[in-house]
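Just so you know, the sequences run in chain order D, C, S and Y. One gets this note's numbering by counting positions in the first sequence from 1 and adding 1040 to each. One gets this note's numbering by counting positions in the second sequence from 1 and adding 1040 to each. One gets this note's numbering by counting positions in the third sequence from 1 and adding 1040 to each. One gets this note's numbering by counting positions in the fourth sequence from 1 and adding 1040 to each.
What the hints contain is simulated information worked out from the structure, not anything from laboratory work. Idealized CB from N, CA, C, for every residue including glycine. Errors might be hidden in some of the hints.
[Claimed, not checked] Taking lysine to any residue pairs in the SDA-like style, the calculated list, with each CA pair at most 20 Å apart, reads: (1) S:K1333 / S:M1296; (2) D:K1333 / D:L1267; (3) D:K1307 / S:E1278; (4) C:K1056 / S:S1047; (5) D:K1323 / S:M1296.
[Stated by the list, open to error] Using C-beta positions, here's what the derived DEER-type ranges look like: (6) C:E1263 / D:R1139: 47 to 55 Å; (7) Y:A1053 / C:F1251: 43 to 51 Å; (8) Y:A1170 / S:H1112: 13 to 21 Å; (9) Y:N1319 / C:T1285: 26 to 34 Å; (10) C:T1113 / S:L1186: 27 to 35 Å; (11) D:D1164 / C:R1336: 53 to 61 Å; (12) D:H1110 / C:R1336: 53 to 61 Å.
Number of protein chains: 4
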Amino acid sequence: MSIENLSRCSVDALDKILGVPFPVLDDGFIRVIDYMGSDASIVQAARVSYGQGTKKINEDRGLIRYLMRHHHTTPFEMCEIKLHIRVPMDCWRQWIRHRTASVNEYSTRYSIAIDAAQKTDPVDWRKQAAGNRQGSEEAVDCEVGLELTRQESDFQSRSRELYDGRLAAGVAREQARKDLPLSTYTEAYWKINLHNLLHFLALRMEAHAQFEIRSYANIIGNEIVRLWCPLTWEGFLEYRLNAMTFSSTESNIIAMIAGGRIDEARKLAIASGLLSEENPQKKNRERDELNEKILRLNLPPLSADPQS
Amino acid sequence: MSIENLSRCSVDALDKILGVPFPVLDDGFIRVIDYMGSDASIVQAARVSYGQGTKKINEDRGLIRYLMRHHHTTPFEMCEIKLHIRVPMDCWRQWIRHRTASVNEYSTRYSIAIDAAQKTDPVDWRKQAAGNRQGSEEAVDCEVGLELTRQESDFQSRSRELYDGRLAAGVAREQARKDLPLSTYTEAYWKINLHNLLHFLALRMEAHAQFEIRSYANIIGNEIVRLWCPLTWEGFLEYRLNAMTFSSTESNIIAMIAGGRIDEARKLAIASGLLSEENPQKKNRERDELNEKILRLNLPPLSADPQS
Amino acid sequence: MSIENLSRCSVDALDKILGVPFPVLDDGFIRVIDYMGSDASIVQAARVSYGQGTKKINEDRGLIRYLMRHHHTTPFEMCEIKLHIRVPMDCWRQWIRHRTASVNEYSTRYSIAIDAAQKTDPVDWRKQAAGNRQGSEEAVDCEVGLELTRQESDFQSRSRELYDGRLAAGVAREQARKDLPLSTYTEAYWKINLHNLLHFLALRMEAHAQFEIRSYANIIGNEIVRLWCPLTWEGFLEYRLNAMTFSSTESNIIAMIAGGRIDEARKLAIASGLLSEENPQKKNRERDELNEKILRLNLPPLSADPQS
Amino acid sequence: MSIENLSRCSVDALDKILGVPFPVLDDGFIRVIDYMGSDASIVQAARVSYGQGTKKINEDRGLIRYLMRHHHTTPFEMCEIKLHIRVPMDCWRQWIRHRTASVNEYSTRYSIAIDAAQKTDPVDWRKQAAGNRQGSEEAVDCEVGLELTRQESDFQSRSRELYDGRLAAGVAREQARKDLPLSTYTEAYWKINLHNLLHFLALRMEAHAQFEIRSYANIIGNEIVRLWCPLTWEGFLEYRLNAMTFSSTESNIIAMIAGGRIDEARKLAIASGLLSEENPQKKNRERDELNEKILRLNLPPLSADPQS
């Protein structure tokens, strides 16, 4: 046991951006306020677990990748970050569902609500996705977009008048706020450990996450975590964000296809409900997902047509 | 070790109200959907801890009160309840900050938003509290209330038109919802263990909690937990909700007052910043709180005037 | 909103084994004491999220598999189970690291320690694994095993004498216990929701988990969860326990191999550190894991020899 | 929004002891490895909640005490500390039950167990408490203590021989450890936020906590948190550790006593089960606790004898 005084672990690249806001959406931002730990802290924590045995694992990068690959998640909890964010309440409703963070949000009970609501450019109105009940796709027509933006602007002005009018009439802030639109900006300090943050990013950087929260998640991942813990970030991209998973049945089907047993693969797909024998054209979302993955592996996808 | 088959623990009084909605606010409700455990489960869990040693503690009520009094909280985690609630999003924003519950909320990304917003009766508009930045007090004037309610109604209609118009224009639900007012109702399944629920109730049944969430909390406490775990509820009222706490300094001041050493009590209050020697009339919120408690104990409060 | 009274959700197959101990190790057990929810509760919770939109997703099995596949984990939190377990303290030290459960453990501070320690049969002493610093493999020689078991038995008797002697000398239970061996049995009520339980099972049913805790996990999974939530269990086996994951680089290497670009695959493996150009025989654990997966897919593994 | 670069918040007094071990028990220690935040971070977080409204609350000490007094706990979560501790496994079993920390413990599966067990001096053997089933009191006789220490020493040597013998026989570390005594030292990194740490300290600095864990808690509180967040520490002592709480009934009894209505107080005590009318000498632990508090307030306690 050394009795020497330690210095706190710090990360120069992150220190350089401390406090500097990254703009998000029309009026939001993310700023790093404080942090604790680095890639080195993860390694240090893993090594207390491994004790004397770690002499052989002497390469930090390899150890971090090993931890990531084998879901040894506790060392990643040793890093902590605190962000100051400005975000529309609608987006915040999704964000706050991640229960493992510490939060202090601007109180519209205590103070007058922030006088800003998220505005949508005419070209940014997105159509309901055809194939995904909870998604969106390309923009609506330009003219429609112009009209929607005009209406939005009128409505947001009207909503603020209503709010200000209530305050002027002496109504308590806690009640006056009740009809503020979800587009109203709020601010918060949000503090979370790296393990939980990576879980947040895995879900919110994903292609199906809503555009708004994805915009925040991309900044946090690509602009902040990448600087803070570069080895962890690299491992996260490799073993999580860009990894592929095959279910037990999918693994078996792919093994059959790779082994040239196409017919057997079709039979398993039919038995598993991925393919309909009577109506091979029948859509099946899980089969579509599987075929995308099969194609990515340069193998022939399950086709509706047994001859192909 | 008995190998006999057990039956599940159940509570008749709660079974009788399972699924039945308790109305809250103008269009909200709370329903119990399922539960696990009872007062008996708390006792059972406490006794595994106490092992053979529990022969003497053979009275359930006494044991539950002992656990409550001494903050032995883990046995209360053995009970779990699942509620179905309908609540304005504004109130839900406070509710969801309790991170220890499991939640499934109605998705306005997946489905069209519930077509209901919380409406305020003309007599229910509350004034900003004078003495408390985050509270409200009596109603605004009746005429003002009428006008506020009329404006609210117009605004809520307008907001729904805007939302419906966006959907009609093909905008994705996830984006169309962005300007819904916070008064829009949402629904959720909310599942929580009894320990965490009591913590929620201690904070949200408290007099300073906002009226809306207090209305929900009162139903949960007085109409649901009281039936479900009556001994625990009684202990909670006794040792938590209606208990008094004195800080270290407050305890010393009260001891001095009770011992007739009024002057000494004043000196300690001055030294502790509760009382200003130069300006004894100077308001001090902590002293006001202390004096309320002293009066409740039938002792003479700290007065501004040393002679009194 | 129906105002009809509901009945609690129950599962006949689980009710039949309620309270009945499943033996584990030489003197341990697991009993189900209570539970809440079922596959139907998961579906119900998912559907509140999906609201009106769920008319099309009308098949429970498909919905549960969809949730499992897409990591929509919150509906699985709606189910809760409470187990009574008897387990050696050494195994319990691993178990208790899962922080998301509620626990009441037998108190050796309050009561005399359980008079039972885990015994090892002569054939059950396992050798240190050669290739894995934290694993074990086949049994030690029979004669050695006999001697180890004899020593164990003597030692455990001696440890109990020491403990009893301290108690007889009037030493406090909280101190007398300090030298009890880790093999001493303890008991606990352990309550956890299904989502967190599946996470526990994914880690502890895994081949690298220690034999002792794996024995408990296998009972919980195969004998309890399988009866309780059969659709969820099937989905868990399909999409978690028996699924395969490929990192980003692994996916690319496999695509190259499946596309016949073996040389390119080798180059990528070298660039990624999976293969050493200078010393292709050099062991690399990640490459070994990859090759196992490639073989499972009926594709040719990365070999040390470029010609093969 | 300022775009200036921030510096990380640091605390000189804590920086000076970073890494330096505080000895605990015969061979344990606590070292601070890293931390995040300070009293200033708590104030900053509280002020984002209060927004513009905080101009008046411009004194940090007052604000922190206000937060502590009113159980506004989230700002205290903004501070985080990481300790390196060395502790007997018996004590660690209590410690780890605090589920809100992040932990990496020395692995005796991966590495050979630490060759140190907690030893007890002849004068440190404590008797079982007479009045409290889970406590201890004064030391056993000196001669008995000498004998107990001698036995302990023999036993610990024997246990290490057994362990070393198993390793020498090739037994896997994960199995060889099964009979290590609970007194064996382990090490861990333990990271926790200040709110949860204060909760830990409130329970473990308390007089009824076991001596061993109390020794660690006292160091953490008095030597570490006091330096790290001095205003919070002061508030914690004032409003938590040294505060007094009266139940609803206790408050009423004290009010009656202070108002001179002794007889009424006795009647309420009888009605509440604190006092037995038939047998006023009958022991009642809750009454004893109440009387201690009443005496601390310089009021006459509830006596068994109505005349007194």
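Against the structure, the hints:
no., hint, verdict
1, S:K1333 / S:M1296, "15 Å, holds"
2, D:K1333 / D:L1267, "31 Å, violated"
3, D:K1307 / S:E1278, "18 Å, holds"
4, C:K1056 / S:S1047, "9 Å, holds"
5, D:K1323 / S:M1296, "29 Å, violated"
6, C:E1263 / D:R1139: 47 to 55 Å, "27 Å, violated"
7, Y:A1053 / C:F1251: 43 to 51 Å, "45 Å, holds"
8, Y:A1170 / S:H1112: 13 to 21 Å, "56 Å, violated"
9, Y:N1319 / C:T1285: 26 to 34 Å, "32 Å, holds"
10, C:T1113 / S:L1186: 27 to 35 Å, "48 Å, violated"
11, D:D1164 / C:R1336: 53 to 61 Å, "59 Å, holds"
12, D:H1110 / C:R1336: 53 to 61 Å, "59 Å, holds"
Violated hints, listed in ascending order, are 2, 5, 6, 8, 10; each of the other numbered hints is respected by the structure.
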